[in-house]
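Residue-level listing of the chains:
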Amino acid sequence: MSAENVELVCPAGTPAALKAAVDAGADCVYVGFRDETNARNFPGLNFSRPELADGIAYAHERGTKVLVAINTFPRAGSPEIWHQAVDDAAKLKADAVILADVGLCDYASRKHPQLRLHLSVQASASSAEAIRFYHEAFGIQRAVLPRVLTVPEIAALCAQVPIEMEVFVFGGLCVMAEGRCSLSSYATGLSPNMNGVCSPASHVRYVEKGDKVVSQLGGFTINTFGSGESAGYPTLCKGRFEANGKLSYLFEEPTSLNTLSLLPDLIAAGVTAFKIEGRQRGRAYVGNVVSAFRRAVDAIRRGEAPPEIDLDNITEGNKQTAGAYERSWR
Amino acid sequence: MSNPAKLSIGPCLFNWKPEVWRDFYFQIADEAAVDTVHLGEVVCSKRTPFFEKYIPEVAERLAAGGKEVVLSSLALVMSEKERDGVRSLAQDAGDFLVEANDYSAAAALAGKPHVIGPLVNVYNEGTLAYVARKGAIRVCLPPELPAATIAVMAAQKQAEIEVMAFGRLPLAISARCYHARSRNLHKDGCQYVCADDPDGMVVDTMEGKPFLAVNGTQTMSYHYLNLLGEVKDLASLGVGRFRLSPHACDMAAVARLFRDVLDSRIEAQEADLQLQDICRDAEFSNGYVHGQPGHQMLFGERLAGE
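Just so you know, the sequences run in chain order A and Z.
All residue numbers for the first sequence refer to our numbering, where the first residue is 2 and numbers rise by one.
All residue numbers for the second sequence refer to our numbering, where the first residue is 330 and numbers rise by one.
Everything labelled a hint here was simulated from the structure, so no lab data went into it.
Using N, Cα and C, we set each Cβ at its ideal position, and we do this for glycine too.
Possibly wrong hints are sitting among the right ones.
Said to hold, decoys possible - Sample of chain A residues at the chain Z side, in silico, Cβ under 7 Å:
| # | residue |
| --- | --- |
| 1 | Asp89 |
| 2 | Tyr187 |
| 3 | Thr222 |
| 4 | Ala244 |
So here's chain Z without its partners, still in its complex pose (with noise of 0.2 Å):
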């Protein structure tokens, strides 16, 4: 039975090569079971130069796939040049949906349709009211949210409603450039490190256990985000959209996976068995959403949001 909760593909966080960037958008636009896929750089606006001539030819591959493509704004918005980049993506998206990841972006965008990223601020229905008059349609929940606050979220009916459903968790941004720091560099000469780890840099306590992954001036979790078990109570609270967020695994037979189970066509403990072989190394978590600390992997709990 085909449900109607849709999935999207997360703007990439990482520093991917821009060949490797675009490749792997033009795989996701010819094979993957997905109805969005956003674009652009949220972490580190030093990065942006490399990938973005590659920006119109895979949008128009992408939007000949049928998928609806958004353009993502950067996070931390502080210089001159990122305040021109956000202003400039507000004035000339064209077509294209735009998602705000800060208040000067939502700012730039208000009174248009346009999407707010999980970055900014939702936490409640009085935030949401605000956004959805100035003319959110979607919001993307900030990840530590627990069901309980979804489910009051979707009840408003206010603006579609999504939810991070895969991927290393965005934690935490910074000014400072953890990347480079690791390598005795600073963010200014920081000779682009974060591209040395695909999927982000594992940081392990002084006893070896892993714990968070950096990229670049982005603190992420160590464990990847697994919400198999939950997507299909949470559309039925009614969140419409569900985000994976890309890694350097086979994201289109990620998405086929979450889409099987949404339509019941495979049940999540099966489907948890297939993710571990599509991603072999990554350790699962699915705190948050139960209301639990977000490193956490619940298994068969239902959500206290029902």
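Chain A extracted, bound-state conformation (with noise of 0.2 Å):
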């Protein structure tokens, strides 16, 4: 793969954002319905169909591709709610949907043979056998790599399926393997898989205890803020907890995904498309990677190094880290 030919995959929660995205220099917008046929399902945010005709036109009228996620695991007894989503992205002519679920993946390749599909990263497809299966059944024509894997394990596995290859490169990290995580329900009864969310903000309690802030999910404390330190979101798995003796964030940090640096080597690896997580924030955060991110592929593309952008001021906890890139991660 060159770089020429690479795509970046941005994230649109609402119009505004999508506006941002295009206009920052978005390649494809990824954006889902107002329900819970999406896995950032948030009160407030996502697309109602006419919101997504006129998402479309804009984006279309600018060269930009709308890819809508259909991507939680539709509920047994009533899968129309996720057919219906799927008949109405082709119906207004995105340029593809992102599935997870294999009954789906299966109703979207026989209703709609020429509609593009693309492989959610919650279906978890790790190995080029998972891969080919569904590029075989269904007809799937990309995939979303779980956050899992090195850059050389990617380079293996993109010279070995036939199909494009896309991988998360900034934003929201999850640690464990997507769409194989019950932590949330777990917890509070919601998951990504059924529901949409994760550690849904319902369910997020902030206690004052003495001097100290206490963040709870479903109950349980994720973490303990003392004064003047700014208390973060409890996602469960970025929380800190007692095991072994030892008080430490056991699963992972509160940080944010950037690969920035690494945008050569995913490249040289065979990598497609970049994509970048967020659909849950504002215009203006999605506007900022997205011009970052813009600058450093251009710059690429014309052969040079990536430009040293400093993103920190809208990450997380300002912690950043390239996840499962690196092996020593593991």
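Since each chain comes alone in its own frame, lean on the hints to assemble the complex.
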């Protein structure tokens, strides 16, 4: 894969964020419908059908593609909501749908043979055999890789599959294999797979205890902050816990993925598309991050080293990581 | 009255010493009132070399004890070695059924009878129909599903539906090893510290409340799933099999309790007390099947699927 063909895939949780991403140079924007069919099912986010029609028109006029994420797992007994989402995305001329569920892939490939299908990160296809399965069974044309593989592993995988590979390059970071995590529902009853939410705000409490603020999820303490510290959001896997007699960020620190410096390696590995996480983010965030990555990809296209870009001010807790792309993360 | 629902012993998810692992399955073969027993490493491929030499004799002993043997595949398949492992498991299993725990294994098993494990996302009738068409004769559902979903799946009658009924719940799998991380090690140089905790390493909140358990790259529930109070209702919804996940307690006694409850030889309430005697330190939960947070324990609630 050459830098010429690399696509920047950018998040949009609102029509305003979609415009910001398009204007900042996104090659693709990914969105979801305003219901439980997508994995960012948060209050006040996502698109109605008319909003999506307008968004697609805005993007297409400017040469930007729109991908619709329908990447939760349909509820048994009522698959119609998910089927309707696929039908509507096709009708509105979305450039692709991003799916995770095998049954929904089966439905989409039979009902809409012309519709381009991408495999969501939530399907957690981590090997060449798994990716080939989705390609051969349903005609999946691009897979978003779970955040479990190192750059050399991604390179080996790209050489062994006949379809495009997309990887996350920036934003919130799942530390568990995506789509295979029920930590959220264990604490709250609501999960990414079934409800499109993780560590949902409806189950978050900040409790003052003496001079400390305790953040809780579903009644479980996730972290504690002293006066003067800003109390971070209690995402379950980014909390502080005690194990083996030691208090630590056992799973992951409150970090954000940033791979700006790894982009040339990922292109050399054969990756087709770079994905920026953050459909829950505002348009200013989206605009800033997309601009930064646009500059970086354009520099690499010109044969230059990726520029040093300071993204500290917009990352969670100001800490950044290359995550699983580096073997020592494991 | 004997209930047609069957019992299975799941694959040992923990890193037990190889001889402990072997003797555990010998005991199950000789004493446990179960129909099916799973063998194989699901969590971390680094553990396989230690016990795999015992698989043939264990499988033989189980077969001699009248148990169906199922070979379970790895959940998270990434490296060349792991991919080879899945390929050879699918090709060389002989007469044994194989359980797929990811879609690379499911694809390799397509066209012959196989089992789909609880770490594969089968959440609805569309996916169930697909895997059944490809040869799945039994599907163990993901543990977060409520009874209403289980009822819909069982009503399809496309494959036997199995439900986890005992033991710490597998909640997440990762490329990162948290057991190693808790000792300031990395996965590559892990020193196999997960072997220190035969039932997993308990994870407490900062306020000392037990919450989760770590098993190498797997994150589990602190609570032990206990569906003694629900198995008869689930069986009447059409669930064909209940899975008991191995722990370092008397699993033959655990299996006996579940069998006795299913066959109405003992009331669930009495069985609960006996289960607490068998695993003294365990706290139990059954929330998921009631559509509640997984850590909760509800008593005397009827299931929503009925």
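Here's how the hints hold up against the structure:
no. : hint   : in the structure
1   : Asp89  : violated (18 Å)
2   : Tyr187 : holds (4 Å)
3   : Thr222 : holds (4 Å)
4   : Ala244 : holds (5 Å)
Violated hint: 1 only; the structure is consistent with all others.
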